[in-house]
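K.L.:
Residues per chain are reported as follows:
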Amino acid sequence: MISRAVLLALLPVIAGVSLFQRRRLTAVIGMGLFSLALAATYLLHSAPDVAVTEAAIGAALVTVIYVLAIRRTGRLLVVGDEVPGLLAFEGDKLVGIEVEILEGFARQLGLDLSIQVIPHAEVEATLLRGDADLAAGGLCADCDGRLHRGRTHLPTALVRLSSQKGSPGGSRKEASTKRCDYNGYFSDLVKAIRSNEPVEATLDMARFLAVSRCDLSDWTVDRLSDSRGYAFVAGPGRADIRKQLNSYINTLEDTGALDEMIRRHLP
Amino acid sequence: MAWINGTTIAMVLFAIGATALIVRRDLVIKLLALGLINSSGILFLISVRFHPQMTVPILPVPDGVLIADPLPQALVLSAIVINFAILALSLVFVMLLVERYHSTDCERIEHAVETEKATLGSQNLATISGSDETEGRP
Amino acid sequence: MILALLPLIHIFLGMAAIAWKACARATLIIALLADIGLVALYFSPVSHVLSATAAGGWTEAIGIRLMLDSLALDFLLLTVLLEAAVLIYLWRQRLHPTFVLLLQFLIGAVMALVLSQDLFNIYVILELLTLVSFLLVAYDRRTFQIWASLKYLILASIGMSIFLIGVAIVYANVGSLGFAEIGVVVADNPQAGWIPLAAALLTAGVAVKAGILIFSLWLPDAHSAAPAAISAFLSALVIKMGVVVLIRLAHVFPLGPTLKILGTITGIGGAIYAMSSRDLKRMLAFHTLSQIGYLLIGMSVPEYGAESGVLAYAMAHGSFKALLFLAAGAAYDVVGSTDIGHLILERHRIPLRTRSALLLGTLAIVGLPPFDGYIAKAPLLAATHDWTSQIVLILLGIGTAASFAKLIPLFKGPYRRVGNDPAWESYVVLALPIILFLPIERALFGTAFTLPVMSWFLAVESIVIVAVGWLVYRIHRRLRVRPSERLFRLEPAIFALMIGFIAIYLVLRFL
Amino acid sequence: MKRTIRTILALLVSMLVCCVVLLDLVVPEAPPRPDDTILLAERTGASNLVAAVYLGARLYDTLFEVLVFTVAVIGVRFYLSHRPSTARPVPIPESHVIQASAQILLPLILVLGLYLTFFGHLSPGGGFSGGVVAASGLLLCVMSIGLDTVYKRLSGAGIERLEWGLPMMIVAVCVLPTAFSRPILSNLLPIGEAGQVFGSPSILLLNALVGLKVLIGSWMVLYTFIRHRGEI
Numbered sequence: 001m002i003s004r005a006v007l008l009a010l011l012p013v014i015a016g017v018s019l020f021q022r023r024r025l026t027a028v029i030g031m032g033l034f035s036l037a038l039a040a041t042y043l044l045h046s047a048p049d050v051a052v053t054e055a056a057i058g059a060a061l062v063t064v065i066y067v068l069a070i071r072r073t074g075r076l077l078v079v080g081d082e083v084p085g086l087l088a089f090e091g092d093k094l095v096g097i098e099v100e101i102l103e104g105f106a107r108q109l110g111l112d113l114s115i116q117v118i119p120h121a122e123v124e125a126t127l128l129r130g131d132a133d134l135a136a137g138g139l140c141a142d143c144d145g146r147l148h149r150g151r152t153h154l155p156t157a158l159v160r161l162s163s164q165k166g167s168p169g170g171s172r173k174e175a176s177t178k179r180c181d182y183n184g185y186f187s188d189l190v191k192a193i194r195s196n197e198p199v200e201a202t203l204d205m206a207r208f209l210a211v212s213r214c215d216l217s218d219w220t221v222d223r224l225s226d227s228r229g230y231a232f233v234a235g236p237g238r239a240d241i242r243k244q245l246n247s248y249i250n251t252l253e254d255t256g257a258l259d260e261m262i263r264r265h266l267p
Numbered sequence: 001m002a003w004i005n006g007t008t009i010a011m012v013l014f015a016i017g018a019t020a021l022i023v024r025r026d027l028v029i030k031l032l033a034l035g036l037i038n039s040s041g042i043l044f045l046i047s048v049r050f051h052p053q054m055t056v057p058i059l060p061v062p063d064g065v066l067i068a069d070p071l072p073q074a075l076v077l078s079a080i081v082i083n084f085a086i087l088a089l090s091l092v093f094v095m096l097l098v099e100r101y102h103s104t105d106c107e108r109i110e111h112a113v114e115t116e117k118a119t120l121g122s123q124n125l126a127t128i129s130g131s132d133e134t135e136g137r138p
Numbered sequence: 001m002i003l004a005l006l007p008l009i010h011i012f013l014g015m016a017a018i019a020w021k022a023c024a025r026a027t028l029i030i031a032l033l034a035d036i037g038l039v040a041l042y043f044s045p046v047s048h049v050l051s052a053t054a055a056g057g058w059t060e061a062i063g064i065r066l067m068l069d070s071l072a073l074d075f076l077l078l079t080v081l082l083e084a085a086v087l088i089y090l091w092r093q094r095l096h097p098t099f100v101l102l103l104q105f106l107i108g109a110v111m112a113l114v115l116s117q118d119l120f121n122i123y124v125i126l127e128l129l130t131l132v133s134f135l136l137v138a139y140d141r142r143t144f145q146i147w148a149s150l151k152y153l154i155l156a157s158i159g160m161s162i163f164l165i166g167v168a169i170v171y172a173n174v175g176s177l178g179f180a181e182i183g184v185v186v187a188d189n190p191q192a193g194w195i196p197l198a199a200a201l202l203t204a205g206v207a208v209k210a211g212i213l214i215f216s217l218w219l220p221d222a223h224s225a226a227p228a229a230i231s232a233f234l235s236a237l238v239i240k241m242g243v244v245v246l247i248r249l250a251h252v253f254p255l256g257p258t259l260k261i262l263g264t265i266t267g268i269g270g271a272i273y274a275m276s277s278r279d280l281k282r283m284l285a286f287h288t289l290s291q292i293g294y295l296l297i298g299m300s301v302p303e304y305g306a307e308s309g310v311l312a313y314a315m316a317h318g319s320f321k322a323l324l325f326l327a328a329g330a331a332y333d334v335v336g337s338t339d340i341g342h343l344i345l346e347r348h349r350i351p352l353r354t355r356s357a358l359l360l361g362t363l364a365i366v367g368l369p370p371f372d373g374y375i376a377k378a379p380l381l382a383a384t385h386d387w388t389s390q391i392v393l394i395l396l397g398i399g400t401a402a403s404f405a406k407l408i409p410l411f412k413g414p415y416r417r418v419g420n421d422p423a424w425e426s427y428v429v430l431a432l433p434i435i436l437f438l439p440i441e442r443a444l445f446g447t448a449f450t451l452p453v454m455s456w457f458l459a460v461e462s463i464v465i466v467a468v469g470w471l472v473y474r475i476h477r478r479l480r481v482r483p484s485e486r487l488f489r490l491e492p493a494i495f496a497l498m499i500g501f502i503a504i505y506l507v508l509r510f511l
Numbered sequence: 001m002k003r004t005i006r007t008i009l010a011l012l013v014s015m016l017v018c019c020v021v022l023l024d025l026v027v028p029e030a031p032p033r034p035d036d037t038i039l040l041a042e043r044t045g046a047s048n049l050v051a052a053v054y055l056g057a058r059l060y061d062t063l064f065e066v067l068v069f070t071v072a073v074i075g076v077r078f079y080l081s082h083r084p085s086t087a088r089p090v091p092i093p094e095s096h097v098i099q100a101s102a103q104i105l106l107p108l109i110l111v112l113g114l115y116l117t118f119f120g121h122l123s124p125g126g127g128f129s130g131g132v133v134a135a136s137g138l139l140l141c142v143m144s145i146g147l148d149t150v151y152k153r154l155s156g157a158g159i160e161r162l163e164w165g166l167p168m169m170i171v172a173v174c175v176l177p178t179a180f181s182r183p184i185l186s187n188l189l190p191i192g193e194a195g196q197v198f199g200s201p202s203i204l205l206l207n208a209l210v211g212l213k214v215l216i217g218s219w220m221v222l223y224t225f226i227r228h229r230g231e232i
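Protein chains in written order, with our numbering: chain A, 1 to 267; chain B, 1 to 138; chain C, 1 to 511; chain D, 1 to 232.
Be aware that a few hints might be false.
Here are the simulated DSSO-like cross-link-like pairs (lysine-lysine), alpha carbons at most 27 Å apart as the crow flies [as the list claims (entries may be wrong)]:
{"#": "1", "chain 1": "A", "residue 1": "243", "chain 2": "B", "residue 2": "117"}
{"#": "2", "chain 1": "D", "residue 1": "152", "chain 2": "C", "residue 2": "21"}
{"#": "3", "chain 1": "B", "residue 1": "117", "chain 2": "A", "residue 2": "93"}
{"#": "4", "chain 1": "A", "residue 1": "191", "chain 2": "A", "residue 2": "93"}
{"#": "5", "chain 1": "D", "residue 1": "2", "chain 2": "A", "residue 2": "191"}
A few chain D residues facing chain A, derived, Cβ under 7 Å [as the list claims (entries may be wrong)]:
{"#": "6", "residue": "50"}
{"#": "7", "residue": "80"}
{"#": "8", "residue": "124"}
{"#": "9", "residue": "125"}
{"#": "10", "residue": "128"}
{"#": "11", "residue": "132"}
{"#": "12", "residue": "225"}
These are calculated hints, taken from the structure and not from any lab test.
Cβ atoms here follow ideal geometry from the backbone N, Cα and C, with glycine treated the same way.
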């Protein structure tokens with residue numbers, strides 16, 4: 001009686017905690033655990049047949065196929081936001097300098113390359129959680145000390161873009177409600193600039209060049225620093241992958257393939 | 001303590017599942033929430049006529065002992081398998097979508113699908129794998 | 001005795017199509033012939049072999065019963081008709097065995113559903129139907145198809161969980177899942193406290209599959225994204241499986257006012273969206289919503305003749321909607337787009353037979369005499385006596401005419417013989433019931449049709465409705481208002497589903 | 001901000017649904033149903049009443065459930081097989097611990113699967129759970145001798161033919177009684193002594209068919225997922 005009540009009360013807790021996890025893998029395993037607890041509950045509801053079936057199908061089979069689908073072994077998982085020329089959609093394919101480097105690198109390692117587009121601001125957190133091997137997508141700012149920043153493959157600069165309408169001189173209230181810093185997807189930023197929403201963003205050169213095709217007469221543009229460079233970033237404890245990637249980029253540079261890629265993608 | 005019974009917990013699970021299904025943007029987690037909603041229906045069906053004195057429906061049972069109704073238990077076996085079928089097939093479809101859009105964010109995918117339909121019209125839309133056009137299109 | 005053979009033959013042959021890949025096409029013909037044979041038995045002297053049976057001889061409350069009543073017969077005939085038309089349509093195309101398997105399973109599940117008299121059996125078959133149509137919608141593996149069918153699966157699956165909870169409550173109170181036993185218990189004590197909740201759960205669950213506006217927000221995307229032959233099946237037949245279950249539920253539970261409200265919302269909402277849609281297939285999908293509203297209002301009317309009117313209208317709608325979807329698919333193959341403006345510009349390239357099929361479908365759908373749209377609507381209009389239902393029915397007629405007025409330029413000249421529609425025979429199969437509807441329905445339903453159809457008043461009324469619809473179309477074109485389609489996204493749709501359930505519950509409990 | 005509002009709304013609406021059902025739930029005290037119980041045991045000869053309902057009184061439901069499973073397997077294979085498979089052959093784990101434990105666990109798991117399948121009418125279990133348990137045994141095989149070896153051996157045994165052959169056989173078993181002018185889906189085989197393995201031959205046969213079908217189906221799903229997983 002008591003055990004049934006305890007188990008029943010435990011079910012929503014397990015389900016709630018596991019469904020609101022940030023990491024997919026934790027959520028999947030949490031739901032597997034939930035299924036197991038559910039099977040035990042069925043057993044205490046004198047339904048042993050159901051318990052056996054739920055344990056075999058719900059806890060084992062479903063969890064196994066979900067883990068198979070999202071596991072990382074044999075795969076080079078790269079996260080990053082779109083950057084025109086470096087990593088961007090062209091029709092239904094991702095193209096760019098970084099994509100080409102990564103494809104070659106993955107082939108060299110014998111892994112399947114898997115690139116996921118996530119908001120720029122979440123890249124670092126994803127790496128720190130260990131949900132990805134590498135980060136790409138026009139990373140040129142300084143990163144957290146625990147991450148391993150690779151060698152620069154393309155020089156760039158940082159540009160601060162802010163709309164004049166909501167400039168710091170304006171009323172504070174307007175500034176706090178209307179202005180949002182760019183932390184979503186790059187495609188959202190482009191849309192916001194096209195529709196003249198007040199935006200403030202720090203952009204790298206490639207993104208800025210793409211944005212500057214829009215009408216920027218209402219915006220103020222400050223050049224922040226010149227001596228930056230794009231690089232890949234590896235997650236904490238992945239110094240090995242940084243070393244391999246650096247040497248791969250070195251060979252690309254030595255054979256002249258890197259220059260050729262840059263010429264092809266950045267006219 | 002009497003309120004902690006199967007039906008109450010099943011409905012609480014339904015509420016958690018529905019909330020997660022709406023709030024979480026990650027498609028894989030949406031599917032897990034869908035599985036939770038289905039499980040809540042199953043738990044409800046098992047426990048709605050359950051009484052603590054009931055015993056396992058396997059003969060022989062001693063005289064005077066209530067046995068649990070075997071019919072809902074048999075129904076639930078079907079429902080569990082159906083739940084598995086739904087989760088497996090939808091996972092395959094999510095995999096296809098992620099492969100195409102390189103993202104598991106539901107809103108982003110939805111937005112991309114809509115713009116794709118709007119810009120290209122209904123012709124020449126990209127297929128997931130380009131080589132299958134000859135393979136048995138109806 | 002052999003009633004269960006009807007679905008099982010399809011399932012067996014579907015599997016056989018994968019087993020002997022070369023014979024995939026042949027299994028479709030064998031299945032069609034078997035269906036025609038079995039349904040013909042009903043009209044023969046040995047019709048007792050199709051009498052009600054219990055699967056496995058379990059006649060007790062625990063078993064599953066199958067029954068061929070007029071509702072089932074109507075949908076069986078519609079299924080056979082559509083099967084023949086789609087078979088002809090697909091005949092010259094390459095068919096993958098998996099496609100044949102899924103098609104056979106779809107037909108088998110439809111037949112099993114209309115025969116079933118058991119709540120949980122209906123649940124299992126609805127799930128099979130969901131999964132099969134989920135796979136068929138995305139058959140070409142285009143991304144928008146995949147997204148549309150994923151949305152369909154998620155919403156349908158939530159609906160089915162709600163349905164399952166309803167089944168549990170019914171079972172807890174009745175101790176059986178057969179409609180007959182439930183009907184007896186409900187009739188014994190119509191004021192019992194469990195009835196509103198159980199009815200609300202069951203209705204809301206099925207409504208997701210039945211194409212009711214607040215619940216089935218997946219429908220426009222899924223039906224317009226699917227390949228043409230599948231769209232025809234889904235819109236003409238599969239969506240009505242939800243309606244079949246609703247009719248069976250309405251026989252048992254007091255659903256009248258609920259169905260009327262749902263029907264009004266669905267019908268008018270669907271008509272408004274259909275009017276503002278510029279894509280032919282999407283417009284047809286929205287129009288399906290508005291026609292489901294028609295059926296629901298018909299179901300809420302208790303008068304004599306209304307139910308056979310509903311059945312007749314379901315059949316009529318199946319025939320002309322399938323015709324329109326198939327012809328739209330043929331037009332798409334030529335023009336490469338289903339945008340109405342595009343089709344009108346390129347109309348000289350569309351084969352004449354396709355255009356005639358579109359014209360026939362349009363004439364039938366707006367309800368002009370003497371086609372089946374009119375004949376099927378007439379008994380409904382004649383049987384509804386309360387003025388609110390009358391007004392809604394008339395509004396729906398106007399909405400239909402207004403949305404199909406967009407197609408008028410498509411039928412203007414030049415009429416040159418261009419190309420050849422490879423599938424025109426399938427239009428002939430579907431045109432037969434459209435033109436010869438009255439004798440067919442009289443044979444099936446007897447006297448319910450003699451009285452109202454001949455009335456001059458109804459004929460004039462339907463012509464006036466079409467004329468008003470055309471005027472509305474002209475006005476609407478000037479106004480250029482388009483309702484937002486944000487509602488049809490996944491997350492708002494889940495919200496709408498749950499709020500809709502609460503609304504149905506409140507109506508059932510307090511009205 | 002928009003997210004917060006949406007979260008609160010979602011929570012509110014789903015709690016409302018939850019409360020509506022719970023507050024209005026009327027469940028009478030469950031009357032025991034001895035008549036059905038006796039009938040079930042008598043007419044099927046199975047002492048596990050759930051199996052008697054599942055494969056006896058409600059075989060028609062089970063049939064459609066098997067079809068749902070078949071559709072799922074076919075769907076997974078059809079939609080994933082058009083994708084390119086992984087770049088490299090799936091490796092065998094190097095770890096000796098896994099290999100050793102696989103060799104010990106494998107027979108145990110297979111015996112458990114067989115027990116669940118063949119004693120499903122006497123004790124908890126049945127074809128579905130037995131099949132899935134046996135399939136997890138195959139997964140262990142994959143870990144010890146490699147995916148491709150297992151796949152080749154199983155294909156050599158002709159399991160692809162069984163994949164659609166078994167549902168056909170199940171449908172045929174269900175339809176066969178009509179040929180002997182018995183109701184469709186009823187059992188033809190004689191009922192033996194209750195409580196014995198062969199006390200209920202028809203349920204035993206159906207459990208075996210379903211178990212094999214589920215074993216093959218689950219294996220195919222697992223194989224397809226290992227070979228062609230997507231980009232998540």
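K.L.:
Indicate, hint by hint, whether the structure satisfies it.
P.N.:
Cross-check of the supplied hints:
1. A hinted pair counts as satisfied when its Cα atoms are at most 27 Å apart, and residue 243/A with residue 117/B does not qualify at roughly 43 Å.
2. Under the criterion of a C-alpha separation no larger than 27 Å, the hint pairing residue 152/D with residue 21/C is consistent with the structure, at around 23 Å.
3. Taken as a hint, the residue 117/B and residue 93/A pair is honoured in the structure, with Cα atoms around 17 Å apart against an allowance of 27 Å.
4. Of the pairs offered as hints, the one joining residue 191/A and residue 93/A holds, with about 21 Å between alpha carbons and a cut-off of 27 Å not exceeded.
5. Only pairs whose Cα atoms come within 27 Å are accepted, and residue 2/D paired with residue 191/A is accepted, the gap being roughly 18 Å.
6. At a threshold of 7 Å, the smallest CB-CB gap from residue 50/D to chain A is about 4 Å, leaving the interface hint in force.
7. At about 10 Å, the closest approach between the beta carbon of residue 80/D and any beta carbon in chain A exceeds 7 Å, and the interface hint on this residue is violated.
8. Hint on residue 124/D holds. Least Cβ distance to chain A is approximately 4 Å, under the 7 Å limit.
9. A distance limit of 7 Å between C-beta atoms decides the matter here; for residue 125/D the minimum to chain A is near 6 Å, and the interface restraint holds.
10. Using the Cβ-Cβ criterion of 7 Å, the hint placing residue 128/D at the interface with chain A is satisfied: the shortest such distance is roughly 6 Å.
11. Hint status for residue 132/D: holds, given a least beta-carbon distance of 4 Å to chain A, under 7 Å.
12. Hint on residue 225/D holds. Least Cβ distance to chain A is approximately 4 Å, under the 7 Å limit.
Checked against the numbered hints given earlier, the structure breaks hints 1 and 7 and satisfies all the rest.
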